[in-house]
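K.L.:
Chain order of the listed sequences is A and B.
So the first sequence is numbered by the numbering used here: it starts at 1 and just counts up by one.
So the second sequence is numbered by the numbering used here: it starts at 562 and just counts up by one.
One or more of the hints may lead you astray.
[Said to hold, decoys possible] With beta-carbon atoms standing in for the labels, derived distance ranges:
no.: 1; chain 1: B; residue 1: F608; chain 2: A; residue 2: G540; range: 33 to 39 Å
no.: 2; chain 1: A; residue 1: L422; chain 2: B; residue 2: G640; range: 45 to 51 Å
no.: 3; chain 1: B; residue 1: R623; chain 2: A; residue 2: G540; range: 53 to 59 Å
no.: 4; chain 1: B; residue 1: F616; chain 2: A; residue 2: A186; range: 48 to 54 Å
no.: 5; chain 1: B; residue 1: L620; chain 2: A; residue 2: Y318; range: 22 to 28 Å
Keep in mind the hints are simulated off the structure, nothing from the lab.
All residues carry an ideal CB built from backbone N, CA and C; glycine is no exception.
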Amino acid sequence: MRIALAAAALLAPVPLHAASVDAPTPTNWPAIAMFAAFALFTLGITRWAARRTRSAADFYTAGGGITGFQNGLAIAGDYMSAASFLGISAQIFSDGYDGLIYSIGFLVGWPIILFLMAERLRNLGRFTFADVASFRFAQAPVRVFAAVSTLVVVLFYLIAQMVGAGQLIRLLFGIDYALAVTIVGALMTLYVLFGGMTATTWVQIIKAVLLLGSASFMAVMVLAPFGFSPEALFARAVDVKTGLAAAAGAAPEAAAAAGRAIMAPGGFIRDPISAISFGMALMFGTAGLPHILMRFFTVPDARAARSSVLWATGWIGYFYLLTFIIGFGAIVLVASEPAYLDPAGGLRGGANMAAIHLAQAIGGDLFLGFISAVAFATILAVVAGLTLSGASAVGHDLYATVVKRGTATSAQELKVSRRTVLVLAVVAILLGIAFEQQNVAFMVSLAFAIAASGNFPVLLMALLWPGATTRGVVAGGSVGLVLALVLTILSPAVWVAVLGFADPVFPYSSPAIFSVPIAFATIWIVSRLDRSPRAAVDRGGYAAQRVRAETGRGASGAQAH
Amino acid sequence: MMAAMQGEGAAEPDIEAIARDPRYIALVRRRSRFTWGLSAVMLVGYFGFILAVAFAKPLLARPIAAGGVTSWGIAIGFGVILLAIVLTGIYVRRANRDFDLVAADLARDFAA
Chain A
1 MRIALAAAAL LAPVPLHAAS VDAPTPTNWP AIAMFAAFAL FTLGITRWAA
51 RRTRSAADFY TAGGGITGFQ NGLAIAGDYM SAASFLGISA QIFSDGYDGL
101 IYSIGFLVGW PIILFLMAER LRNLGRFTFA DVASFRFAQA PVRVFAAVST
151 LVVVLFYLIA QMVGAGQLIR LLFGIDYALA VTIVGALMTL YVLFGGMTAT
201 TWVQIIKAVL LLGSASFMAV MVLAPFGFSP EALFARAVDV KTGLAAAAGA
251 APEAAAAAGR AIMAPGGFIR DPISAISFGM ALMFGTAGLP HILMRFFTVP
301 DARAARSSVL WATGWIGYFY LLTFIIGFGA IVLVASEPAY LDPAGGLRGG
351 ANMAAIHLAQ AIGGDLFLGF ISAVAFATIL AVVAGLTLSG ASAVGHDLYA
401 TVVKRGTATS AQELKVSRRT VLVLAVVAIL LGIAFEQQNV AFMVSLAFAI
451 AASGNFPVLL MALLWPGATT RGVVAGGSVG LVLALVLTIL SPAVWVAVLG
501 FADPVFPYSS PAIFSVPIAF ATIWIVSRLD RSPRAAVDRG GYAAQRVRAE
551 TGRGASGAQA H
Chain B
562 MMAAMQGEGA AEPDIEAIAR DPRYIALVRR RSRFTWGLSA VMLVGYFGFI
612 LAVAFAKPLL ARPIAAGGVT SWGIAIGFGV ILLAIVLTGI YVRRANRDFD
662 LVAADLARDF AA
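Bound-form chain A, shown alone (with noise of 0.2 Å):
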């Protein structure tokens, strides 16, 4: 239970541990001043995309005309959240090997995305990946349920990046929780309300490039002083931890055992449900998020959504041999140097800032305060994907094609996604402040969650059974989503971490392994037993869909400027 947990915490955007922490940080104005910087930056970047964002297109998708190079880095930049560098470099400096089953988990969706879904995406859809899962269906129900579990995906994720961000900032830089949240919250909504997609997406390519630099700087000076011997690096790390252990009074055999562990997984073996449980919704959560599917629209072809998830896989599997290596760093730099340690031996500012201070050991206050304003730009392109996704499911799913039929101009539709915007950057920021001392660990694994069991089998199932019907992907996607949600809500990291209650009623971190199957079960049983006028229509619909997602036919090209 203790490792479902710790399981649940990494997915957290947030060194939770900060929380605990109320010695307040000195000001740190390094780091401001670089992250001013990056702001006035974006926001020029802003201002010259607001004259391009005339129309819907324009607005949701930058008129389809990102190329696969750029969309692959803002794919990667809008997905590796604070959480991925600064959880999981903390995961493998406190437990070694462990962070790295983490990081794959993180990573084998992609190849799945390109396979069997970016090039049908691309061929079928416009704006959101409702567009595709609705293809052939009824349009009405298949929109609200794509709509209702986009919002529930983005809102968890939301939040849970707003307590981290606000969490972090006052952290490193020093300033109020609730100012910080705020400044995120307005930040992101200049972006997305009058940049739209184009300046989110280039947002996000500024933040995967800084973060992909300064992550490489990190790793190559690690591994320097080792003659970039990885082998040294590990050696001498263990070393280092068989020196806390002994420090710690273990005895000699007990300590050298305890050194040679972070070579090896450890908590993981307790439980292998929880583990291929979470191994499901990490990977098969990839493919549902919302925020991720909708920038297959961004790009004008099928090769070039193909080309940006080669480009995007490439970047992030290449960002996680970083963090392993920048972990293995903080073990050596950190952890036995008393500067970076409260007198309890911890971490000073909470588990999660092993990333941070082994900045500051390599490239003194200054890369600290540039670390500090990546992690800063790294929040904010990950909170304008999130918003942007909202934003669309309300205005394109839910307004021009549900209560409007088709019949909304793109003006209207546009309106009233920004309207959008502004309601959920308000929710954002007042649930960021209000979930302040609550724990939201477990909010990004739900989202993951819910994505794997309700979008993910929906959107598999429209492109590739034929079968499939209204009732039986509306049906299957509303199953898996609310048992996704009841399952975590009765797992440790809810009912007991945020509950209280002794124990839980499930006990495994992670739902995927019960509700991504029943949600597929159901979508088959479902359509299988519909005999409506309306499951004719969807199962005739599926030749001539199969023609458009293999070959790009009537595909909507890059608008014209």
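Add chain B to chain A, keeping to what the hints say.
P.N.:
Chain B in isolation, oriented as in the chain A frame:
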């Protein structure tokens, strides 16, 4: 524009003709075999890794070189990351050089 996006209503004659074209049928079959094959490799690789983590810890903990510390687990973990990147690369290469040509052929023959 929305009407053209959606599968409702009668399919265009072109679409039906493409659906019957032997080149299209062969393309769908080959691509689907290829993508499911690659997906299977990724699924087996990843869940094999997870199962090894759950059930074969001593194997993963064993150092690669006698006297060294770098474990098989690290090599295998990095291997899964590389596998993900290499599989996407293999797919992109084949799609660019093979599948796209067939699709372009069809597009030319059935130009509106």
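K.L.:
Give a verdict on every hint.
P.N.:
Against the structure, the hints:
no.	hint	result
1	B/F608 / A/G540: 33 to 39 Å	holds (36 Å)
2	A/L422 / B/G640: 45 to 51 Å	holds (47 Å)
3	B/R623 / A/G540: 53 to 59 Å	holds (57 Å)
4	B/F616 / A/A186: 48 to 54 Å	holds (50 Å)
5	B/L620 / A/Y318: 22 to 28 Å	holds (27 Å)
In this structure, every one of the numbered hints holds.
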